[in-house]
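Chains A and B, in that order, are what the protein sequence lines are.
Note that UniProt numbering gives residue 193 to position 193 of the first sequence, counting from 1, and the numbers run on in steps of one.
Note that UniProt numbering gives residue 206 to position 206 of the second sequence, counting from 1, and the numbers run on in steps of one.
Because the hints were derived from the structure by calculation, they are not lab data.
Every residue gets a Cβ at the ideal spot worked out from N, C-alpha and C, and that includes glycine.
Careful: at least some of the hints might be erroneous.
To be verified - Below 16 Å or equal to it, Euclidean Cα-Cα: the simulated EDC-like pairs (lysine to aspartate or glutamate) are: (1) A:72 - B:142; (2) B:103 - A:5; (3) A:126 - A:138.
What the hints assert, rightly or not - Derived coverage of chain A by chain B (criterion: at least 3 residues anywhere in the stretch with Cβ under 8 Å from a Cβ of chain B; other residues may be distant): (4) 123 to 129; (5) 191 to 197.
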Amino acid sequence: MNFFDLFGTWLAAGLTVAILSFLYRDNPLYKFAEHIYVGASAAFWVVIFWYSDVKPMLIDRALDPQYPLGEKLILLIPTIFGIMMLLRWFPKVAWISRWPIAFTVGMAAGLALTATVQGYIVPQIKATLFPVVVITKDPLISLWRSLMNIFVIFGVFTTILYFYFSKEHTGLLKVGSRIGIIFIMVGFGASFGYTIMARISLLIGRIYFLLHSWLGVID
Amino acid sequence: MIELLDKLDRRIIYLVIGIVVAYPLIVHPVMPIRVSEEVKRAYEFVEDSLPSGSVILISIDYDAASEPELTPMFRAVLTHAFRKGHKVIYMGHWALGLPLAQKDLEEIAHRMGKTYGVDYVNLGYRPGFVTVMLAMGRELRDIYSSDYQGIPIDSIPMMANIHNYDQIDLIIGFEAGSTGEFWIQYVGSRFNKRMFFGTTGVVAPDLYPYYASGQILGLIGGLKGAAEYETQIGHPARGVFGMPAQSFAHLAILIFIVIGNIGYILRRRR
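Build out the structure end to end from the sequences listed, making use of the hints.
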């Protein structure tokens with residue numbers, strides 16, 4: 001391991017311990033590590049945006065003599081929008097920044113409209129349109145699949161009932177919506193369980209780093 | 001007893017969780033890993049359905065905060081792809097994650113004797129992920145005229161005949177947020193592309209409906225999913241290694257939940 005790798009490992013280990021020290025109580029070491037993280041991330045973003053966006057897609061193209069003149073002129077539009085966006089810093093003309101924001105919001109909404117219908121609503125509705133009675137060579141499998149399909153259809157139907165607000169939830173609608181909320185709770189429970197798994201995985205990653213890369217006590 | 005539970009310092013819980021995570025990492029207990037259907041399908045597609053030399057686009061949509069979950073599965077999938085002789089286009093929509101995973105890309109490529117520009121290419125990051133996704137469907141060069149080092153795309157041999165999604169056989173995203181859903185909705189449906197995802201545990205439940213509807217081929221969820229993929233390719237690594245710690249920690253949390261609920265019920269009865 002060269003000097004820079006060693007230095008990097010010790011620095012990362014020190015910052016990890018500093019962040020974990022928050023579990024004991026808030027302290028200056030934790031705040032120091034947190035500020036370094038925020039500062040380093042912000043600096044990294046600036047550099048990344050310059051080298052991934054502004055330089056290759058605007059400056060290099062504008063200065064490239066082989067780049068078509070027509071497309072160079074188009075580059076003026078994002079350049080002007082970018083400058084308009086930066087005017088947020090000046091209170092008197094900050095309102096100008098709303099124009100590029102409006103353009104971005106409008107474009108994103110337009111794109112999302114078709115994508116949501118085409119890529120989410122229609123395929124998901126299609127996925128719930130399946131036979132209530134499944135027939136296969138094995139009667140047990142047929143019964144199992146049929147029950148599963150009925151269960152899914154029942155779950156979708158009762159969950160939608162829960163979100164039906166045009167009529168007071170009384171009588172049959174109340175029963176349906178109550179069943180619907182059970183399905184919703186199961187969904188929340190699954191998400192929460194996965195979240196716990198994810199957080200523990202992150203802890204495993206950090207402890208593995210400390211034990212393996214820093215202390216070298218495990219292979 | 002109830003008073004003791006009421007006054008239990010939360011730091012004791014943190015300490016117990018820390019110990020139950022560290023202990024299995026040190027003593028290495030062996031635990032069986034059952035491979036789920038959704039991971040098996042992802043594996044089988046790369047293994048059996050793609051002819052050698054197919055082009056796989058890998059999108060890194062995570063950063064350091066999700067590295068322990070997603071890097072093990074990225075390494076496993078990349079190892080598998082290279083082993084099968086597939087070509088890899090590396091890109092991503094999370095700027096902070098690309099340099100992080102690039103270390104693994106270069107290490108694995110070096111270990112497996114892969115050449116930059118011939119077997120894999122790193123396109124780097126471009127902001128505005130929806131625009132990038134859609135523009136790549138028309139002409140990749142409109143967005144990526146050069147790779148991450150500034151080398152013109154047209155001078156990279158592997159990219160000579162790759163212009164848009166028509167020349168890409170599979171998209172694999174490693175997701176710590178909602179970018180995976182954008183891949184499905186904007187690229188999967190519109191360009192009819194086959195794709196699967198490796199996700200954090202938090203994101204996995206959001207993508208299960210897409211798996212159930214057949215919009216994605218498979219789903220590798222969390223460190224558990226990484227362990228399953230590592231098991232499938234016969235290359236146990238950080239995912240498999242972390243599973244005992246994961247199980248021990250889950251067991252400890254379950255015990256805490258039971259104790260907490262017993263304490264709650266007893267206090268209500270009083």
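Here is how each hint holds up against the structure:
Taken as a hint, the residue 72 of chain A and residue 142 of chain B pair is honoured in the structure, with Cα atoms around 13 Å apart against an allowance of 16 Å. The straight-line distance between the Cα atoms of residue 103 of chain B and residue 5 of chain A is roughly 13 Å, inside the 16 Å bound, and the hint therefore holds. This hinted pair does not check out: residue 126 of chain A and residue 138 of chain A have alpha carbons roughly 26 Å apart, beyond 16 Å. Interface restraint, the stretch 123 to 129 of chain A with chain B: holds (4 residues with C-beta to C-beta distance below 8 Å; minimum three).
Requiring three or more residues with a Cβ within less than 8 Å of a Cβ of chain B, the coverage given for the stretch 191 to 197 of chain A holds, as 5 such residues are present.
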